[in-house]
Amino acid sequence: MADITTSTNRYAGSTIQKATLVVGLVFLVVGIAGFVPGITTGDLGGAGHGSMAMLLGLFQVSVLHNIVHLLFGIVGLAAARSAVGSRSYLVIGGIVYLVLFVYGLFTADHASAANFVPLNTADNWLHLLLAGGMVALGVFLPRPDGRQRRDRTTTA
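Counting from 1, position 54 in the sequence shown corresponds to residue 53 in numbering that gives the first Met the number 0; the numbering is continuous, with no gaps.
Rather than coming from a laboratory, the hints here were simulated on the basis of the structure.
By construction, the Cβ of each residue, glycine as well, lies at the ideal position given by its N, Cα and C atoms.
Treat the hints with care, since some could be wrong.
What follows is a list of derived Cβ distance ranges for each label pair [claimed, not checked]:
#1 VAL101 with TYR10: 27 to 37 Å
#2 LEU127 with SER87: 15 to 25 Å
#3 ARG142 with VAL35: 13 to 23 Å
From just these sequences and the hints, can you work out the full model?
Encoded structure:
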C-alpha cells in the first residue's frame with residue numbers, strides 16, 4: 000500500500016492536499032447551498048444584517064456571505080495543487096476565521112452597519128470551530144516529504 004503522505008506530482012496527492020481539497024469542496028457546497036431555496040429560507044439580501052435568509056434554519060447568510068464561501072472554496076481547490084499551498088491555505092484561512100470569530104463577538108446579532116457579512120451567534124461559533132480545525136490540520140498533518148517538525152529548543 001502506498002504511503003499517501005509522500006510527495007507526488009498528483010493533484011491532492013498528499014494528506015494535507017487531500018484535507019485542503021475536502022475543506023475547499025465543503026466551502027463550495029455551503030456557498031452553493033446558500034442560494035438554494037429550501038436549504039436557505041427567508042429573504043436573501045445582498046449584504047448586511049438586513050438579510051433574513053437562514054442556511055439550514057441556523058446560519059444567517061446573504062449574497063455576499065455566499066460569494067465569500069464560494070471564493071474561499073475556489074482558493075482551497077487551487078491551493079490543493081501543492082503541499083505548501085495547502086498548508087498556507089489551512090493556516091492562513093484558519094487565522095482569517097479566528098479574526099471573523101473575534102469580529103463576530105462584537106457584531107453578531109446586532110443590527111448595525113458593522114455587521115455587513117451578516118453574522119449571528121451560530122455563525123460565530125462555527126467560525127471558531129473552523130479556525131481551530133483549519134489551523135490544526137495545517138500544523139499537525141504530516142509534511143509530504145516525511146520530515147518531522149523540528150523542535151526549536153536546543154540542549155547544551
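### Message
If you test the structure against every hint from before, which numbers come out violated?
### Response
3
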